[in-house]
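Colleague: So you can see what is in the structure, the chains are spelled out below.
2 protein chains.
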Amino acid sequence: MNCIIAQSGGPTSVINASVYGLVKENFNLEVFDNVYGGLNGIQGILEKKIINLSSMNKDELEAFKNTPSSGLGSCRYKLKDFSENEYEYIKLIKILKELDIKAFFYVGGNDSMDTTAKLSKYAKKKNLDIKFIGIPKTIDNDLVLTDHTPGFGSAAKFIATATLETYLDSTVYMDNGIFIIEAMGRDTGWLAASAALAQINGKPCADFIYLPESEFSITDFLNDVRKTFKEKNHVYIVASEGLRDCTGKFITQSAYSAHDKFGHAQLGGVGEYLKNLIMDAGITKRVKALELGVMQRCAMHCASKTDLDEAIMVGAAAIRAAAEGKSGYMVSIKRETNSPYKSSTVLVDANEIANKIKHFPKEWINKKGNHITVEAINYLRPLIADNVLLDTEDLLPKYKVFSR
Amino acid sequence: MNCIIAQSGGPTSVINASVYGLVKENFNLEVFDNVYGGLNGIQGILEKKIINLSSMNKDELEAFKNTPSSGLGSCRYKLKDFSENEYEYIKLIKILKELDIKAFFYVGGNDSMDTTAKLSKYAKKKNLDIKFIGIPKTIDNDLVLTDHTPGFGSAAKFIATATLETYLDSTVYMDNGIFIIEAMGRDTGWLAASAALAQINGKPCADFIYLPESEFSITDFLNDVRKTFKEKNHVYIVASEGLRDCTGKFITQSAYSAHDKFGHAQLGGVGEYLKNLIMDAGITKRVKALELGVMQRCAMHCASKTDLDEAIMVGAAAIRAAAEGKSGYMVSIKRETNSPYKSSTVLVDANEIANKIKHFPKEWINKKGNHITVEAINYLRPLIADNVLLDTEDLLPKYKVFSR
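One line per chain: the protein sequences are A and B, in this order. Residue numbering for the first sequence follows the numbering used here, starting at 1 and increasing by one per position. Residue numbering for the second sequence follows the numbering used here, starting at 1001 and increasing by one per position.
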């Protein structure tokens, strides 16, 4: 009897560590004869793109643990409800049966939990002996019913480190300008907030942190920036890509219309937009904007050891859940204690996770809506703990890549 | 009798390690009673912004060694020739004499070597007993008469690591698009070239690397990209920000006129420009461009140990040069052997460095002008060797910051 694991949605630095944790725990507990890997998620499995992960040797498995980005490939494929399109369900189940697969593990975000819940429901309805378990993963940290998501801690650590280092870079001259760093997060501010972890002598490097959870006001923003620039001849700003105005529209969308009047097309993201606001307001022309981009989800060289360990932990817990006959659940992370930090896993109904978003709490944003509170920092800090020592090959990190 | 060290121009990750090397070697050899630090280069020294670096304790000094970005502050101040404006020379010498300063060390690029050469010439003409020594520093690796410059190796390592990791990120889907990474280097291609160090199974991740030393042809570029995209459904492109067309103009400058026809202003750099070229040519709409930006010069968390050690080495050699009564020289790096890699220092005339640029050798670019040769990779590889273990504070790298 065998099982299969696949990955879906956007990559993270530690997504393969969950595969590692699952393969390793299966090796220890001898639950399944083989762990198969579905390439490119459900989409690839439906095309029978399947490999045998149990045939990896120890070295390959260890290297795979530390390899960033969905090593099994990913997809953006959303299963329809089986009442709408049962064909895909029938096709998938046939493929799983051919390989004697009794458990299906899906590593992903809330779309993948939707898939997990639907497949589990279908299997139950059809009395099929196949378990479906979700394993959380997303740098966005926006899944409900889990303290946080694997992948977030490493992204947070990269953002905090980049903030610390670019802060130093942006303050070397006597006439320093304004520096803006743009973090990912179209719907939630978790990633941008983690920049607050970068501190010098106990004070955050960032003068201002703007999150999607707080309505963005151009007037307040320009007042903030003008005042601080007058005081310090320098301003360090962190902005989430998902900033919205009072109507709930992305501010970069409003920008299109605003700038069209002058015949300009607004390219780039929030950072460029804020840069233009500051320059147009005549505060200074010395403004730099840096978009951290996909590095936030693949900078394994700057990963959090805690995040890596928890990614392994949720993978291992998934095997045990299947062994216990559970189906339709996601392995969730519970924070046991904060100091010293300790976490464990619990199972939550995948259906309760699907299509929901966990926002950055309003009470963790300061009154002015331009920074975060100490409570938020206390929540974030342990998640970036400790460094991962990577093996090297040709003097760069050694990563294991499957040909797909 | 005392000495002073100051920093000038753009920061690097290891620029403070040269200050550390100098302070440490002075401590060992007891050449000067105090090592002063001039804040914000010549500009700050002229305003008497000077601190005493010899009063740092061991912990502070060790933390400062590993702190990225000009810790003493920087400036973009170019001294005029003394025949044009002797006033500044007189003012500076007066300040140095007041502090009994017998040696002045300037850490910088070719502008700083120009300053070093001018001051040394002035001191000789006026029979002043003050030595002027240059210490090389630039991520651009564009100084002549040195095998390479401190700061370059760490930038190269960050670029190569980012290339490896974003390559993995850009290949997870079945329908992968095109990824473009933009490296710094307005005049030279050294930084962009170092992306070639990122390899998987012995093959560079980058399909194409375009450098300023090779004329950029839009037609050839689009042919390259179209062909590879058809073959692999994915293209990974590295571009130097300084790409030029056949007339020697920056391609992003040409872009302004090209796009004005349609009423669009071209924002962003080379990456965005190439992205638009690809989309306009109808190759695919799935194109992402990432500008690595200032992270290239401050990502100490990804520094090269070899680079750090050499930055220390040139600082230490500068003290010895002053002790030997030399003036008007820059400490240069000589590659003794490549495998195993070994380097030493030699003194070269600062005047020979000033205002010159070392280009990436044409013979290290392939015939098609879209990649680099094995010889180039052999030159680059040892410079990124080994990792720097950083002390941490609040779970992030511990950096020492002077209030300026």
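No wet-lab data here; the hints were simulated from the structure. A hint or two may mislead.
Stated by the list, open to error - Facing chain B, according to a computed beta carbon distance under 8 angstroms, are these residues of chain A, among others: (1) 40; (2) 69; (3) 174; (4) 199; (5) 277; (6) 279; (7) 280; (8) 283; (9) 284; (10) 385.
Said to hold, decoys possible - One side only, chain A facing chain B, incomplete, derived with CB under 7 angstroms: (11) 46; (12) 50; (13) 73; (14) 74; (15) 84; (16) 87; (17) 160; (18) 166; (19) 172; (20) 173; (21) 175; (22) 177; (23) 200; (24) 281; (25) 384; (26) 401.
Where is the CB? At the ideal position from N, CA and C, for every residue including glycine.
Colleague: Determine for every hint whether it applies to the structure shown.
Modeller: Checked hints:
1. 40: holds, 5 angstroms
2. 69: The hint holds - residue 69 of chain A has a Cβ within 8 angstroms of chain B, the shortest such distance being about 4 angstroms.
3. 174: holds, 5 angstroms
4. 199: holds, 6 angstroms
5. 277: Interface hint status for residue 277 of chain A: violated (14 angstroms vs cutoff 8 angstroms).
6. 279: violated, 12 angstroms
7. 280: violated, 14 angstroms
8. 283: violated, 19 angstroms
9. 284: Nearest chain B Cβ about 16 angstroms off; hint violated.
10. 385: holds, 5 angstroms
11. 46: Check failed: Cβ of residue 46 of chain A comes no nearer than 11 angstroms to chain B, outside 7 angstroms.
12. 50: Not OK, violated: residue 50 of chain A not within 7 angstroms of chain B, min 14 angstroms.
13. 73: Since the shortest Cβ distance to chain B is 6 angstroms, the answer is holds.
14. 74: holds, 4 angstroms
15. 84: Hint on residue 84 of chain A: violated, closest Cβ of chain B at ~23 angstroms, above 7 angstroms.
16. 87: This interface hint is violated because 20 angstroms lies over the 7 angstroms limit.
17. 160: It holds, given that the least Cβ distance between residue 160 of chain A and chain B is near 6 angstroms, below 7 angstroms.
18. 166: Since chain B brings a Cβ to about 6 angstroms from residue 166 of chain A, closer than 7 angstroms, the hint holds.
19. 172: holds, 4 angstroms
20. 173: holds, 6 angstroms
21. 175: Constraint on residue 175 of chain A not satisfied, violated at 9 angstroms.
22. 177: violated, 12 angstroms
23. 200: holds, 5 angstroms
24. 281: violated, 18 angstroms
25. 384: holds, 5 angstroms
26. 401: holds, 5 angstroms
Checked against the numbered hints given earlier, this structure breaks hints 5, 6, 7, 8, 9, 11, 12, 15, 16, 21, 22, 24; the rest are met.
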